[in-house]
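Here is how the chains run, residue by residue.
2 protein chains.
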Amino acid sequence: MLRVLRGETVERPPVWMMRQAGRYLPEYMALREKYSFFERCQTPELACEITIQPVDIIGVDAAILFSDILVVPQAMGLEVQLVESKGPILPEPIRTRSDFNRIRIPNVNEKLQYVFDAVKLTKKELNDRVPLIGFAGAPWTILCYMVQGKGSKTFDEAKAFCYTQPEMAHRLLQMITDTTIAYCKEQAAAGVDVVQLFDSWGGLLSPNDFKNISLKYIGQIVRALKDEVLVIVFAKGAWHSLKQMADTGTHGLGIDWCIEPQMARKLAGSGIALQGNFDPAKLFAPISVIKKEVSQMLEDFGGQAHIANLGHGILPNTPVDHAKAFVQTVKEYKIENVKV
Amino acid sequence: MLRVLRGETVERPPVWMMRQAGRYLPEYMALREKYSFFERCQTPELACEITIQPVDIIGVDAAILFSDILVVPQAMGLEVQLVESKGPILPEPIRTRSDFNRIRIPNVNEKLQYVFDAVKLTKKELNDRVPLIGFAGAPWTILCYMVQGKGSKTFDEAKAFCYTQPEMAHRLLQMITDTTIAYCKEQAAAGVDVVQLFDSWGGLLSPNDFKNISLKYIGQIVRALKDEVLVIVFAKGAWHSLKQMADTGTHGLGIDWCIEPQMARKLAGSGIALQGNFDPAKLFAPISVIKKEVSQMLEDFGGQAHIANLGHGILPNTPVDHAKAFVQTVKEYKIENVKV
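Residue numbers (my numbering), protein chains in the order written: chain A, 5 to 344; chain B, 5 to 344.
Just chain A, with the same shape it has in the complex (with noise of 0.2 Å):
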C-alpha cells in the first residue's frame, strides 16, 4: 500500500476495506458487548485490539486505527453521544453566536492524546506486518454534525448554516482545520504510516459550494501533511472534484462505486493512486457473483496506481466469509507481465 501511494509498481494491488474493525465481526461485537464506544476509542489496549482483529481474521493489507471522526469536535468542546446503531448525537449543536463562542481550537496533546497512545501500541503490536492508517474527516464534514447535531440525508441545517451565516461558518471551519492539521500532524509523529481524509458528505454540495466549502479546507490540510505523512483524500460523492482534489498534492484519492474506475482515472489524471471502489451491498451477493466482480474492477483499475477497497464502509450484516472472499480474490490477483 505504501508503495502504491509513493507512485511505485507492485505485484498487484493492496486491499483492506472501509470499517474493517466493525460490526459484521463478531471478535468485534463481543467487545462491543462490554465496553461503550468510548471506553473502546480511549482504551489504548482496547482500540489496538480492535484495530489488528481485520488483519487477523480477514488478512487485509492494512489496519486502520479504532476511532471515529467526531473525537475532533468532542476535543473542541462540543459534547457528543455516539448511541450504538442510532448514530452519533451532539445535543448542544452551533446554531448562534453564542453556541459558536464556545468552541475552542484545543492542545491536543491534551485531549486526544488517548489516540497517539492507541497508534503507539498498534504499531508496537503490528510489528511492521501491515502499515498503519490514522484518519480524521474533513472539515465540511465535521461542521455538519457540530450544526446539524445528528446524522442527516441532507444536512440541511448545516448547509442553512453556511449559506446565512457565512462569515462564521468559514471561521469555524478554518478552527476545525487548524485543530486536524495538528491532529494528524500528532498521529503521523506517533507513528501511522498513512492519513486519510474523510469528507462522507462533500457529495452533498453542488460543486461550487464543494470547491468554497470544503476543498478550500481540504487543501490547507493536504499541503500541511503531504510531506510528513502520506495522505488519501476520500470525498464520497464528489466525483467532480477529483482532478481539483488531486491538484492538492495528494497521494491518493477515495473513490465510490457510483463511477466507472475508467471514468475516475479520466477526471482525476494519471499517476496519483486510487482507492476502492467496489459497492459495499454487492459483499451480499453470492461469493461467486463477488470473485467475478471484484476481478473485474481490479481489471477496469488496470492493476497499478490503485488500492482495492470498498467504496464507503462496509455494511453492519456482511457475512465474514464474504470480506473474506473480497480480499482473496485482491490477493490472488495476478497483473501479467509486470516488472518490480
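Hints listed in this document are in silico derivations from the structure and should not be mistaken for laboratory results. Quantities reported herein were computed from a predicted structural model and do not represent experimental measurements. Treat the hints with caution; some may be incorrect.
Note: identical chains are not told apart, hence a pair may lie in one copy or across any two.
Said to hold, decoys possible - Dumping the calculated SDA-like pairs for lysine to any residue here, alpha-carbon to alpha-carbon at most 25 Å:
(1) K328 with M179
(2) K240 with P30
(3) K157 with R23
(4) K220 with D304
Dock chain B against the given chain A, drawing on the hints supplied.
For chain B alone, kept in the frame of chain A given last:
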C-alpha cells in the same frame, strides 16, 4: 414548458419546483391538519386544491398532481402507511418467494381511479392556465420501498434482494414496469400534459447495476409512453448514465445540483430538455443570494432547452418568500436576442 419539451425556442425558461405542493406552504399545512395523507390523495377535490395552491400562491409555470409514488405498490397489494414527518412504512415488505407471490399487476382503473378523477378535476379547474404534470416512481425506486419496507440511506436490503435473488427481482421489476406503463397511460388519457418518472434512488447503484436494474425498465416505460405524452426522467445521482437515459427517447431529463449544468449538457447531448438544478437547501440563503445564484444557474444552462427547477424536492422549512424569489427570478430572466 410544453414548448421546451417539444424542442421549441422560448422567450425564457419555464419554472416549477419539485414538491411545490408541500409542507413549506401554510395553506397546505392547514389541509394536512384536517385530513390524513391518503384522504388528501384519494379525494379528488382535496388533491386538486393542493395541486393548484402553488400555481396561485407562488406563480409556477406548471402544476404537478398531488399524489405519491407509493400508490403503485399499494395498488399491487402491499400495505403502505404514510406517517407524517416519519416517511413511508410498508409493514409487510417483500423478502421471500411467498411475499412475492402476494403481488399482483392490478387493474389500474379499478385501484387508482381516484388519481385519474383528480387529474380530470384539476385539468378542469386549471382551465389551461398552466400544464399539469403526472408522475410515477421508476421501478428500481419502487422496488426499494417494496423490499426495504421504509426509507433508508443505503437501501441495502433492496440491493441484497437484487443481488441474491436476481430472477425474482427482475420479475418484480417487470411487474412494476407493466403496472407503471398502464398507470401513466391512464394519467395521460385523463389529461396530464407531461409524465415525470422519479428514480430517487437510482444514484445508489453503480453505473453497471443502474443499467441492468434501473435503466432497462425506465427505457421500457419511456418507449411505451413517449408517443402519447411528454416524458421527463429524473434519476437523482445517475449523472453517469445521462446519455443512455437521453437515448431512451425521453423528452426531458432531471438534473440534481451535484453536477454543473455545462457538464450535464455535455453528458446528455444537445437537443434534449434539461430540468433543474438548484440546491433546495440554498433556498435558506438570503433572497439576494438566491437571486444571484438562480441567475447564474440560468446562464449556465444557456436559456434554451431548460426547465428551471430545484435539484430535488423543496425542503419543509423553506420560507415562502424565498420560494417566490426563486420563481420570480426565472420569470424576470431575459434571454438575449431570442427570436421565437
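Here is how each hint holds up against the structure:
1. K328 with M179: neither (40 Å within a copy, 36 Å between copies)
2. K240 with P30: neither (28 Å within a copy, 36 Å between copies)
3. K157 with R23: Intra 20 Å, inter 17 Å, cutoff 25 Å: intra and inter.
4. K220 with D304: between (31 Å within a copy, 23 Å between copies)
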